[in-house]
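Colleague: Here are the chains, one letter per residue:
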Amino acid sequence: MIPVYICDDELPIRKSLEQIVRNQILILDSDMGPVRALEDPEKLLEVQKQDSVPAIYFLDIDFPGKMSGLELAQKLRQYDPRGFIVFITAHNDLAFETFRLRLEALDYIVKGDHTAMTGRVQSCLESIRERMEAQRPGQGSYCTVKILDTVRHIPMDSILYLEAVGLRHTLQMHLDNELLEFNSSLEHLAQQLGEGFWRCHRSFLVNRSRIRAVHLKEQTVEMDNGEICLLSRKAKNEYRRTD
Amino acid sequence: MSLAYRLGSVAFIMALMALALYILTSGILGRKIHWKSLGIFFICGEVFQWSAMFLYLLYTVVTGQENIPSAVFDTACYLLMALVLGAMMTKLHRIPLLHTFTAAILCTFVVNTANNTMVYVVEEYSPLFDRQHFLVFVRLDLPYMLTVGIALLVAAILKRSEFYRYFTAMFRSRARGILTLVVCLVLMLIMPLQQLLFPNLTPDASYATFFFALIVVGVFLLQFAAMYAAGQDRIKAQEETILQQQAHMVLLEELQQEIRAFRHDFTNLFSGLTLQAQEGDLAGIQDFMKRTSSYFDEKLGNEIAQMDGLNNIQLYPLRSLLATKLAKMRQMRIKGVLEALKPIDSRLGMDTDDLLRALGILLDNAIEAVPKEEGQVRVVLLQEEKELYLAVANNYEKAPDLSSLTKKGYTTKGSGHGTGLTSYRRIVARCRGCATRTYLKDGMFIQELHIPAV
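Protein chains in written order, with the working numbering: chain A, 1 to 243; chain B, 1 to 454.
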């Protein structure tokens, strides 16, 4: 079950949104719930820790006199990096790019028209269900990377390889359709990632399950997306021995 | 006196020489002393100096004549050492080799001159000793130790006065850099040349003092030249800022024009509405409301959001850069979105110049990559407690190939392009604690940059 939270300080909005969400969950027949509607953002931060993650959050954009929706979402993200955040707003002109990129917010819902809200909630919940189903097979093995203040859980399967670049302990992590560069050491990551990864070169750590071919002659390792990693002589001997 | 003691003394003064060189060079470059590389340099210095001495001995023994003074060998040895030191500094601090090599050569000159002066001074003023060990200590070790002391002092002064900033100004253009290098080389070669040309001249303390004064004057001249160059650069930068501000003004004027047009539109619309109201056409009014409620947002929302964003950026050069790029986007009919929800201040773990260059590259790339129709570039800046978050997103015609993005010179634009991303990576790699993320999402290509706050 994926818990659902609604946090808005206006009672009528909260009530009507709760109603809409409950109905849509019933219609979708998905394993979402229970639905909790809260007024106070502080309370939400407390309640969040008592149930499982990832969860779905419908958040107001600001709570007059209390924290902003941005802050609230940042705090929620710290505990639940993979949760789904949807913002509720009174106007169209909110700075949604910031929410979408920084907080990976899913969407936003404009307060007001009931039918429009219903449609938006429906599309949100559907896309959440799709994403959850897509994630299922690879569930269980995640790699946690902390970049400055942001914690990210990266599915192990999506990692192709890691490369150490430069002198200052900079690592490049190559994922499907994504590239991360941050300060860390290959030794550290090798320890964290465990047996599924192979140190095929002083500056390469490759995902064993994503290797297409090992070219002993050219001393390279080809990944399943066609990228090429280097193979050291030591690793080559190691590979021959295990074969 | 035992051979071991003699050799030990020589090794000791050679080590002191290397130490003085290293300290002074890192002083000129404005960096802290890195103990590991200092150790490596120690060993290199010993090896080079011993081999120079050995070669000289070999030469005199084999040819049986002394027509080439030892200074030639020494100079070659010091040149080699300067090269090694320069290469080491380049690798360690990521400073161009030309800078480090010139600094190393300049240091060699300063250290050698200081050392000569010290030797003469000690020779002049030391009393006579009959105990040889003590004599060696006073005559050899003491001046070299004093030299290290001078090097420490000078390095501290240079670091305190941020000499490196002026020093880099000497390398703004290639010709200027090479000229600086040549001048430093000439300075270094003065001593051996004098020995070669006038071998009979016996230097003494006053003579050395003259050289010492020459250094002081030289260093002052260098500093003044550098300050002048830095001043010129500042003027240039200011001119650039003025240009960028003009771009900003143009944006403001455009906005004003649009507001005027909008006002005109609105009065017309409202006169129509008044008519409908008089006739009691409720459905018509509702229809009007539906049509016009988002009108304002559509027309001016984006511009106003851009202005809000720009106003939140208190790092002035950054604001100018963004204003210029947004103006460029407007010209090219690209929809530019800028969001900076919170005030952005200057407590950044990245040099402002580097930040501007990095963001400039990202923006230029985004502007070039958007499709001809309906191009979109979105820029997000968010100041957080521990970092500045920066993202540039653009839509694209053909999805970029992320796997080859890290390759040197990757480009979608044919040859001659693709240096931008390489220098972007270099800038980011230079900044400790910076992290980047590049990914594709919902039809957008997104480049994120996290810069730690200090």
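Honestly, the hints are just simulated from the structure, not real lab data.
Yeah, the Cβ is synthetic: ideal placement off N, Cα and C, and Gly gets one too.
Heads up, some of the hints might be wrong.
To be verified - Pairs of lysine-lysine residues, derived as DSS-like cross-links and limited to a Cα-Cα distance of at most 25 Å, are as follows:
1) B:LYS398 with B:LYS372
2) B:LYS32 with B:LYS91
3) A:LYS49 with B:LYS159
4) A:LYS15 with A:LYS146
5) A:LYS146 with A:LYS66
6) B:LYS386 with B:LYS335
7) A:LYS146 with B:LYS335
8) B:LYS159 with B:LYS36
9) B:LYS386 with A:LYS75
10) B:LYS159 with B:LYS32
11) A:LYS111 with B:LYS290
12) A:LYS75 with B:LYS372
13) A:LYS217 with A:LYS234
14) A:LYS75 with A:LYS49
15) B:LYS335 with B:LYS236
16) A:LYS75 with A:LYS111
17) B:LYS398 with A:LYS146
18) B:LYS441 with B:LYS398
19) A:LYS146 with A:LYS111
20) B:LYS441 with B:LYS335
21) B:LYS372 with B:LYS290
22) B:LYS441 with A:LYS75
23) A:LYS146 with B:LYS386
24) B:LYS36 with B:LYS91
25) A:LYS15 with A:LYS49
26) B:LYS290 with B:LYS236
27) A:LYS66 with B:LYS386
28) B:LYS386 with B:LYS328
29) B:LYS290 with A:LYS66
30) A:LYS146 with A:LYS75
What the hints assert, rightly or not - Here are the simulated distance ranges between beta carbons:
31) A:GLN78 with B:LEU221: 53 to 61 Å
32) A:ASP29 with B:ASN268: 29 to 37 Å
33) A:GLN78 with B:GLY301: 30 to 38 Å
34) A:THR220 with B:ASP141: 55 to 63 Å
35) A:GLY196 with B:LEU152: 50 to 58 Å
36) A:ASP29 with B:LYS398: 33 to 41 Å
37) B:LEU214 with A:THR220: 57 to 65 Å
38) A:LYS66 with B:GLN256: 47 to 55 Å
39) B:ASP141 with A:ASN237: 51 to 59 Å
40) B:LEU152 with A:ASN237: 47 to 55 Å
Colleague: Take the hints in turn and mark each one as holding or not.
Modeller: Outcome of the hint check:
no.	hint	verdict
1	B:LYS398 with B:LYS372	holds, 12 Å
2	B:LYS32 with B:LYS91	holds, 14 Å
3	A:LYS49 with B:LYS159	violated, 51 Å
4	A:LYS15 with A:LYS146	violated, 38 Å
5	A:LYS146 with A:LYS66	violated, 28 Å
6	B:LYS386 with B:LYS335	violated, 31 Å
7	A:LYS146 with B:LYS335	violated, 33 Å
8	B:LYS159 with B:LYS36	holds, 21 Å
9	B:LYS386 with A:LYS75	holds, 14 Å
10	B:LYS159 with B:LYS32	holds, 9 Å
11	A:LYS111 with B:LYS290	holds, 16 Å
12	A:LYS75 with B:LYS372	violated, 40 Å
13	A:LYS217 with A:LYS234	holds, 14 Å
14	A:LYS75 with A:LYS49	holds, 12 Å
15	B:LYS335 with B:LYS236	violated, 31 Å
16	A:LYS75 with A:LYS111	holds, 24 Å
17	B:LYS398 with A:LYS146	violated, 32 Å
18	B:LYS441 with B:LYS398	holds, 14 Å
19	A:LYS146 with A:LYS111	violated, 35 Å
20	B:LYS441 with B:LYS335	holds, 18 Å
21	B:LYS372 with B:LYS290	violated, 32 Å
22	B:LYS441 with A:LYS75	holds, 24 Å
23	A:LYS146 with B:LYS386	holds, 13 Å
24	B:LYS36 with B:LYS91	holds, 13 Å
25	A:LYS15 with A:LYS49	holds, 23 Å
26	B:LYS290 with B:LYS236	violated, 52 Å
27	A:LYS66 with B:LYS386	holds, 21 Å
28	B:LYS386 with B:LYS328	violated, 32 Å
29	B:LYS290 with A:LYS66	violated, 33 Å
30	A:LYS146 with A:LYS75	holds, 15 Å
31	A:GLN78 with B:LEU221: 53 to 61 Å	holds, 57 Å
32	A:ASP29 with B:ASN268: 29 to 37 Å	violated, 52 Å
33	A:GLN78 with B:GLY301: 30 to 38 Å	holds, 32 Å
34	A:THR220 with B:ASP141: 55 to 63 Å	holds, 56 Å
35	A:GLY196 with B:LEU152: 50 to 58 Å	holds, 53 Å
36	A:ASP29 with B:LYS398: 33 to 41 Å	holds, 40 Å
37	B:LEU214 with A:THR220: 57 to 65 Å	holds, 58 Å
38	A:LYS66 with B:GLN256: 47 to 55 Å	violated, 37 Å
39	B:ASP141 with A:ASN237: 51 to 59 Å	holds, 52 Å
40	B:LEU152 with A:ASN237: 47 to 55 Å	holds, 50 Å
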